[in-house]
Amino acid sequence: QKEVEQNSGPLSVPEGAIASLNCTYSDRGSQSFFWYRQYSGKSPELIMFIYSNGDKEDGRFTAQLNKASQYVSLLIRDSQPSDSATYLCAVLRAAGNKLTFGGGTRVLVKP
Amino acid sequence: KAGVTQTPRYLIKTRGQQVTLSCSPISGHRSVSWYQQTPGQGLQFLFEYFSETQRNKGNFPGRFSGRQFSNSRSEMNVSTLELGDSALYLCASKQLAGSAGELFFGEGSRLTVL
Numbered sequence: 001q002k003e004v005e006q007n008s009g010p011l012s013v014p015e016g017a018i019a020s021l022n023c024t025y026s027d028r029g030s031q032s033f034f035w036y037r038q039y040s041g042k043s044p045e046l047i048m049f050i051y052s053n054g055d056k057e058d059g060r061f062t063a064q065l066n067k068a069s070q071y072v073s074l075l076i077r078d079s080q081p082s083d084s085a086t087y088l089c090a091v092l093r094a095a096g097n098k099l100t101f102g103g104g105t106r107v108l109v110k111p
Numbered sequence: 112k113a114g115v116t117q118t119p120r121y122l123i124k125t126r127g128q129q130v131t132l133s134c135s136p137i138s139g140h141r142s143v144s145w146y147q148q149t150p151g152q153g154l155q156f157l158f159e160y161f162s163e164t165q166r167n168k169g170n171f172p173g174r175f176s177g178r179q180f181s182n183s184r185s186e187m188n189v190s191t192l193e194l195g196d197s198a199l200y201l202c203a204s205k206q207l208a209g210s211a212g213e214l215f216f217g218e219g220s221r222l223t224v225l
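Chains as they are written, first to last, in our numbering: chain A, 1 to 111; chain B, 112 to 225.
Some clues are possibly wrong.
To give a feel for the contact side, a few chain B residues facing chain A, derived at Cβ under 7 Å [to be verified]:
(1) 153
(2) 154
(3) 171
(4) 175
(5) 193
(6) 197
(7) 201
(8) 212
(9) 213
(10) 214
(11) 219
In short, the hints are calculated from the structure, not lab data. Each residue gets a CB set at the ideal place from its N, CA and C atoms; glycine is no exception.
This is chain A alone, in the form it adopts within the complex (with noise of 0.2 Å):
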């Protein structure tokens, strides 16, 4: 089983719907949970973090954690085709310990 996993995707969502993805994780002691963006050809940008059960809005980003059920998801709202990109899930069991990074998640919002 992997350490992090997210559905390769590609995930197709109509402009202006709600992207919704997800990941899910095997370490029960991790503690904070990280959204990257990553453009074709660009290095991963941070979106948002959460650590917290619960909700984290940002935006049109909302991040939800549920520590019991290892998963975390990402929902995009009002997606826009600048929203289309690979979205990278990470997880970081501890301070000071790697984090590590899920396959990433596909979007294509079509216009």
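Given the structure of chain A, go ahead and fit chain B onto it with the hints provided.
Okay, now just chain B, sitting in the frame of chain A:
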């Protein structure tokens, strides 16, 4: 504030050669991590340095090595290059104090091994 800077951005080597990649972290960031990214394996952790000491290491052969200098700049070296080493090598830095652990990535060094 300047971001993470990596050099060179692109390079081509042949099998058996060695390569050194450089990374300058964001000012004030003392932790530097290196990742290898390939289409098949995704982002894989190589190692992390903090205060000139290797703090974590991924599952890569000994041909992959790194170091960090007193100004937090880091280098990684790959010796005896193999075709499978062709990848995007990403450096990332992070603050430790007051940080949730988020990484900030450089643009990467794209290595092609022929």
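Each hint tested on the structure:
no., hint, result
1, 153, "holds, 4 Å"
2, 154, "holds, 4 Å"
3, 171, "violated, 12 Å"
4, 175, "violated, 15 Å"
5, 193, "violated, 23 Å"
6, 197, "violated, 15 Å"
7, 201, "holds, 6 Å"
8, 212, "holds, 5 Å"
9, 213, "holds, 5 Å"
10, 214, "holds, 6 Å"
11, 219, "holds, 5 Å"
The structure shown violates the earlier hints numbered 3, 4, 5 and 6.
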